[in-house]
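2 protein chains.
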Amino acid sequence: MLRTHTCGELSLEHVNQDVILCGWVQRIRDKGGMVWLDLRDRYGLTQLLFEEGKTPPEVLETARSLGREFVISTKGEVIERLSKNDKIATGSIEIRVSELTILNPAKLPPFLIEDETDGGDDIRMKYRYLDLRRNAVRKNLELRHQVARHTRSYLDNLNFIEVETPVLIKSTPEGARDFVVPSRMNPGEFYALPQSPQTFKQLLMVAGFDRYYQIVKCFRDEDLRADRQPEFTQIDCEMSFVTQEDILNTFEGLIRNLFSKVKGIELPEVPRMTYADAMRLYGSDKPDIRFDMKFVELKGADQDLTSGKGFGVFDDAELVVGICAPGCAVYTRKQMDELTDWVKRPQIGAKGLIYVRYNEDGTVKSSVDKFYSEEDLRKWVTTFDAKPGDLILLLSGQGDKARKQLNEVRLEMGSRLGFRNPDDYRVLWVLDFPLLEYGEAENRWFAMHHPFTSPKPEDIPFLATDLGAVRANAYDMVINGVEVGGGSVRIFERDLQQQMFEVLGFTPEEAQNQFGFLMNAFEFGAPPHAGIAFGFDRLCSLFGGVDSIRDFIAFPKNNSGRDVMIDSPSTIEDKQLKELSIAISTIQ
Amino acid sequence: MLRTHTCGELSLEHVNQDVILCGWVQRIRDKGGMVWLDLRDRYGLTQLLFEEGKTPPEVLETARSLGREFVISTKGEVIERLSKNDKIATGSIEIRVSELTILNPAKLPPFLIEDETDGGDDIRMKYRYLDLRRNAVRKNLELRHQVARHTRSYLDNLNFIEVETPVLIKSTPEGARDFVVPSRMNPGEFYALPQSPQTFKQLLMVAGFDRYYQIVKCFRDEDLRADRQPEFTQIDCEMSFVTQEDILNTFEGLIRNLFSKVKGIELPEVPRMTYADAMRLYGSDKPDIRFDMKFVELKGADQDLTSGKGFGVFDDAELVVGICAPGCAVYTRKQMDELTDWVKRPQIGAKGLIYVRYNEDGTVKSSVDKFYSEEDLRKWVTTFDAKPGDLILLLSGQGDKARKQLNEVRLEMGSRLGFRNPDDYRVLWVLDFPLLEYGEAENRWFAMHHPFTSPKPEDIPFLATDLGAVRANAYDMVINGVEVGGGSVRIFERDLQQQMFEVLGFTPEEAQNQFGFLMNAFEFGAPPHAGIAFGFDRLCSLFGGVDSIRDFIAFPKNNSGRDVMIDSPSTIEDKQLKELSIAISTIQ
Numbered sequence: 001m002l003r004t005h006t007c008g009e010l011s012l013e014h015v016n017q018d019v020i021l022c023g024w025v026q027r028i029r030d031k032g033g034m035v036w037l038d039l040r041d042r043y044g045l046t047q048l049l050f051e052e053g054k055t056p057p058e059v060l061e062t063a064r065s066l067g068r069e070f071v072i073s074t075k076g077e078v079i080e081r082l083s084k085n086d087k088i089a090t091g092s093i094e095i096r097v098s099e100l101t102i103l104n105p106a107k108l109p110p111f112l113i114e115d116e117t118d119g120g121d122d123i124r125m126k127y128r129y130l131d132l133r134r135n136a137v138r139k140n141l142e143l144r145h146q147v148a149r150h151t152r153s154y155l156d157n158l159n160f161i162e163v164e165t166p167v168l169i170k171s172t173p174e175g176a177r178d179f180v181v182p183s184r185m186n187p188g189e190f191y192a193l194p195q196s197p198q199t200f201k202q203l204l205m206v207a208g209f210d211r212y213y214q215i216v217k218c219f220r221d222e223d224l225r226a227d228r229q230p231e232f233t234q235i236d237c238e239m240s241f242v243t244q245e246d247i248l249n250t251f252e253g254l255i256r257n258l259f260s261k262v263k264g265i266e267l268p269e270v271p272r273m274t275y276a277d278a279m280r281l282y283g284s285d286k287p288d289i290r291f292d293m294k295f296v297e298l299k300g301a302d303q304d305l306t307s308g309k310g311f312g313v314f315d316d317a318e319l320v321v322g323i324c325a326p327g328c329a330v331y332t333r334k335q336m337d338e339l340t341d342w343v344k345r346p347q348i349g350a351k352g353l354i355y356v357r358y359n360e361d362g363t364v365k366s367s368v369d370k371f372y373s374e375e376d377l378r379k380w381v382t383t384f385d386a387k388p389g390d391l392i393l394l395l396s397g398q399g400d401k402a403r404k405q406l407n408e409v410r411l412e413m414g415s416r417l418g419f420r421n422p423d424d425y426r427v428l429w430v431l432d433f434p435l436l437e438y439g440e441a442e443n444r445w446f447a448m449h450h451p452f453t454s455p456k457p458e459d460i461p462f463l464a465t466d467l468g469a470v471r472a473n474a475y476d477m478v479i480n481g482v483e484v485g486g487g488s489v490r491i492f493e494r495d496l497q498q499q500m501f502e503v504l505g506f507t508p509e510e511a512q513n514q515f516g517f518l519m520n521a522f523e524f525g526a527p528p529h530a531g532i533a534f535g536f537d538r539l540c541s542l543f544g545g546v547d548s549i550r551d552f553i554a555f556p557k558n559n560s561g562r563d564v565m566i567d568s569p570s571t572i573e574d575k576q577l578k579e580l581s582i583a584i585s586t587i588q
Numbered sequence: 001m002l003r004t005h006t007c008g009e010l011s012l013e014h015v016n017q018d019v020i021l022c023g024w025v026q027r028i029r030d031k032g033g034m035v036w037l038d039l040r041d042r043y044g045l046t047q048l049l050f051e052e053g054k055t056p057p058e059v060l061e062t063a064r065s066l067g068r069e070f071v072i073s074t075k076g077e078v079i080e081r082l083s084k085n086d087k088i089a090t091g092s093i094e095i096r097v098s099e100l101t102i103l104n105p106a107k108l109p110p111f112l113i114e115d116e117t118d119g120g121d122d123i124r125m126k127y128r129y130l131d132l133r134r135n136a137v138r139k140n141l142e143l144r145h146q147v148a149r150h151t152r153s154y155l156d157n158l159n160f161i162e163v164e165t166p167v168l169i170k171s172t173p174e175g176a177r178d179f180v181v182p183s184r185m186n187p188g189e190f191y192a193l194p195q196s197p198q199t200f201k202q203l204l205m206v207a208g209f210d211r212y213y214q215i216v217k218c219f220r221d222e223d224l225r226a227d228r229q230p231e232f233t234q235i236d237c238e239m240s241f242v243t244q245e246d247i248l249n250t251f252e253g254l255i256r257n258l259f260s261k262v263k264g265i266e267l268p269e270v271p272r273m274t275y276a277d278a279m280r281l282y283g284s285d286k287p288d289i290r291f292d293m294k295f296v297e298l299k300g301a302d303q304d305l306t307s308g309k310g311f312g313v314f315d316d317a318e319l320v321v322g323i324c325a326p327g328c329a330v331y332t333r334k335q336m337d338e339l340t341d342w343v344k345r346p347q348i349g350a351k352g353l354i355y356v357r358y359n360e361d362g363t364v365k366s367s368v369d370k371f372y373s374e375e376d377l378r379k380w381v382t383t384f385d386a387k388p389g390d391l392i393l394l395l396s397g398q399g400d401k402a403r404k405q406l407n408e409v410r411l412e413m414g415s416r417l418g419f420r421n422p423d424d425y426r427v428l429w430v431l432d433f434p435l436l437e438y439g440e441a442e443n444r445w446f447a448m449h450h451p452f453t454s455p456k457p458e459d460i461p462f463l464a465t466d467l468g469a470v471r472a473n474a475y476d477m478v479i480n481g482v483e484v485g486g487g488s489v490r491i492f493e494r495d496l497q498q499q500m501f502e503v504l505g506f507t508p509e510e511a512q513n514q515f516g517f518l519m520n521a522f523e524f525g526a527p528p529h530a531g532i533a534f535g536f537d538r539l540c541s542l543f544g545g546v547d548s549i550r551d552f553i554a555f556p557k558n559n560s561g562r563d564v565m566i567d568s569p570s571t572i573e574d575k576q577l578k579e580l581s582i583a584i585s586t587i588q
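From first to last, the protein sequence lines stand for chains A and B.
Counting in UniProt numbering, the first sequence runs from 1 upward without gaps.
Counting in UniProt numbering, the second sequence runs from 1 upward without gaps.
One or more of the hints may lead you astray.
Derived DSS-like pairs (lysine-lysine); straight-line CA-CA distance at most 30 angstroms [as the list claims (entries may be wrong)]:
no.: 1; chain 1: A; residue 1: K456; chain 2: B; residue 2: K107
no.: 2; chain 1: A; residue 1: K575; chain 2: B; residue 2: K75
no.: 3; chain 1: A; residue 1: K139; chain 2: A; residue 2: K126
no.: 4; chain 1: B; residue 1: K139; chain 2: B; residue 2: K263
no.: 5; chain 1: B; residue 1: K107; chain 2: A; residue 2: K107
no.: 6; chain 1: A; residue 1: K365; chain 2: A; residue 2: K387
no.: 7; chain 1: A; residue 1: K578; chain 2: B; residue 2: K75
no.: 8; chain 1: B; residue 1: K75; chain 2: A; residue 2: K456
no.: 9; chain 1: B; residue 1: K344; chain 2: B; residue 2: K294
no.: 10; chain 1: A; residue 1: K126; chain 2: A; residue 2: K286
no.: 11; chain 1: B; residue 1: K456; chain 2: A; residue 2: K75
no.: 12; chain 1: B; residue 1: K578; chain 2: A; residue 2: K578
no.: 13; chain 1: B; residue 1: K261; chain 2: A; residue 2: K261
no.: 14; chain 1: B; residue 1: K575; chain 2: A; residue 2: K575
no.: 15; chain 1: B; residue 1: K263; chain 2: B; residue 2: K309
These are calculated hints, taken from the structure and not from any lab test.
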């Protein structure tokens, strides 16, 4: 080793020892007769001391020639510091340097390599290797390693086997867009990169592997949003001879184990909610349950407390639904106007926002006082179980649309009220998703999860009569309003799988051509099986308390799918194109 | 769970318990009044008992209707077996069945799901999910999981961080052929799949990650031999502030740890050999040192014991080199002829094979008696340090060529003499590889390892004068004659890296265009670093004592790069081609 110790391990017990350290120059303070240098490596910072009269002159001269981020090797004696720094592990000692070697000089970095940097996103991505030197970024990747390590340990202990499934697979038009790879040896043919190892893990169950997992790269050629990457990582799992309940218990165990091991947080049992309840009470299939503010319907399936009073908007609405924001009756007119403008933005698209103030003094005041009597309003207040000082916010319109809009209002109010603390973790299972959803544009039914998800046995008759009513044995895990994982009990019988493909509009030939290998496999003794996959990047970002998954990926791509550091994608040579039997064709 | 126990865990201590088991029907023996069924899962076999008069009639009827590989669930009481089977863990008990449910019937499999199968390669690959049910194949993948697990554990304990590097990277013409991925969002541009994460792991060192590893898929679009796969897995590692010695010690430690943990074998310290010695003494850069039979030169740099006696073949040869095969003086004329034909095959291409028999009775006999006196031959025998009963085998010709041919003869004789036991593991470091090798066809120098390998500091002057003489700080790990890993101390200074690209025939523009990101990174404080990568599939096959890596990959591809199970690669839709701005072009 070029060093005897790292920059993070020396303490008072090493005093008087001669040590060799290597690392990067973090900071130099030259006070005339004394020069202090902070030397940095992955493990910490150690202070080096150069002193006129005591340090060899040529060493002092070299020290004064150093710049930020120079890589040096230094030898010296560990001594006790006069003024200790209790903020760092090595703060009680410093090194009286006797030898100093520049291993590699450094140009001035284009941004500050500090916890708070002056570099913008673009420049930090271009010099990602410098950005990764910052503690904050490196710690994210260390956290990622810990999450992976404890995931493997938990699953290994439960007899899961990690099996690598292929990356060069077959393109299937169902689902998102595939990345494809031209095959040189099979001209005109292509591999696809997997969007998930779904069919392979099911085949492993058919093969009797019983318990499989894999932490695995997956790929989707979709237009990228801030939060998406063309390549991402999943914790992919599958089990045989289990029920949905077994999956929920096993993977609730995984998540609680991770929180305990990685964050030191002991989570309570994970509550469960049906998809139907989630939509009705939160207007979302991934409700943030760190705070209450459940939806209350003034006009809906159960009652109508709004019609016939001359307020056309409510009279015409299918649903009048609201939330009660605690302590917000003090909102000023200006604040209400601002909130109303906020819900009218095209991203949310509400027509307006009706409020009822239940003032601290017990009076009620509403933006629809003109139509509703105090008695009417007090009925509403009672329905909402509002307390004096609360503010009721109401939206109306078509059911699903109004709920979706109110979900946004609820989340916004939750944020404004400080109810969405990233360190407060609330995990939730959402169950009983619909099997199918109707694509208006395509005029056909789509699998809500994927085509291998099994309908609830009691709902199978609806496959012939009412596709929208079929519920699936599918489940999502939601943490703080973010979907971190999802899965389902799978179809394992050929006939049902074939019926599912028919429902999705596949001809028997298409089904056989694309998924024949799986349906054939089901004929040779397929066990009942079920599984789940977690978005690993997302899970890590949640553990890190950060919104963007990009901060938890070593070398992420930007929103155009480019790696600006290596400048990829790029053109390739004509020779390569020829060998692959393809040509560039930008004519659409 | 659909079961209370697996098929591998019941023993006498469970007698009288009611249990539920699930699994596959392995075998049924119907002896009239009694029916026995072997139920199989990943964990083992359990015998089920059905008995006329005791088993409910409808259960017995169902049992008799079962076929091989049916998936069943069964309930019954654990009872002690009359005739125990000590070959299986559950051999002391059986289950007296009271309930039986067919979870999924099975068609007759196209081959026997037994340790010894009747299925050929092609049919087993097409039904890989059935082949994977066989103990032998499943155990290979379980072994693979164990090797991965202990690798991670060893490296985690040494403070290595596993970091995922990108799969969608940039194509570079240096090295093997890339698989490429057209970018839809960047028309006319392509990603490449990584042949290794080489540049990324070096950037992680520049980023201060200090110790990195990754068990990672890599890709090479090469014509496939039996032993190659287009996608393969590496254990990829890199360390900063280390010397070659540190890498050798750290990864010798890894391999010894794996042998200890996975195989229960405590390996001695790993011997080391220079590339020059390996070539001189074994004619190979990956010598199999399970047996001796080192090369001895009768005519070479040091001496000439063959010239001037009228044997033109030796007189004209640059090198006369041989091995001494212990106890083989008894080889008959027929055996010698057969061996001579063997070395003359085009795969080896020797012109002939000269032998000297040192008979048990002390006499010497050679195929070149006509030219060499007994005294000559006795000198040869002494030079070889041969014992009575040994057989000396000699080849001659141009040095490298003769050595390469003799390497084949040595390995063949080693096999024939039973010296190459797959359970006898001999690990070896080969050091000091040449930095460059000359490509006759291309008429230029190539990096023997890769362009990022550092020359030995003392050989740097030769970069200007004698490229063939420059040795690299590069090393391979060889086990039983198979290269399982290799690496090098890396270049970490921009100027030397640039010089290296020049030597390899890059223009400055080409070097900057393809590897500018790395050379730029070297300017911002790159630490000295070194690394290694192990072929994970190969390592697993060695641990399993099997030659083919394919047996250790869950879903391998055949020699045309096809996955015959899912029928991939395949054509894709015109819509996909258009979106990707490419067209099929089979005109060359």
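Holds or violated: B:K263 to B:K309, with C-alpha atoms at most 30 angstroms apart:
54 angstroms, violated
B:K139 and B:K263 were given as a pair; does the straight-line alpha-carbon distance stay at or below 30 angstroms?
13 angstroms, holds
Run the distance test for A:K365 versus A:K387: straight-line Cα separation, threshold 30 angstroms.
Within the cut-off at roughly 14 angstroms; holds.
Please work out if B:K344 and B:K294 have their alpha carbons no farther apart than 30 angstroms.
Between B:K344 and B:K294 the Cα gap is close to 21 angstroms, so the pair holds against 30 angstroms.
Has the given pair, A:K575 with B:K75, been kept, meaning a C-alpha gap of at most 30 angstroms?
65 angstroms, violated
Taking only the CA atoms, is the gap from A:K456 to B:K107 under or equal to 30 angstroms?
Since the Cα atoms of A:K456 and B:K107 sit roughly 26 angstroms apart, the hinted pair holds (cutoff 30 angstroms).
Proposed proximity, A:K575 with B:K575 (alpha carbon, max 30 angstroms)
Given pair B:K575, A:K575 holds - Cα atoms ~25 angstroms apart, limit 30 angstroms.
Are the Cα atoms of B:K261 and A:K261 separated by 30 angstroms or less?
25 angstroms, holds
For the pair we were handed, A:K578 and B:K75, check the Cα-Cα distance against 30 angstroms.
At roughly 62 angstroms apart (the allowed maximum being 30 angstroms), B:K75 and A:K578 break the hint.
Run the distance test for B:K75 versus A:K456: straight-line Cα separation, threshold 30 angstroms.
25 angstroms, holds
Is the straight-line distance between the alpha-carbon of B:K578 and that of A:K578 30 angstroms or less?
Holds, at about 18 angstroms.
Verify the proposed pairing of B:K456 with A:K75, using a straight-line Cα cut of 30 angstroms.
25 angstroms, holds
Comparing the model with each numbered hint stated earlier shows that hints 2, 5, 7, 10 and 15 do not hold.
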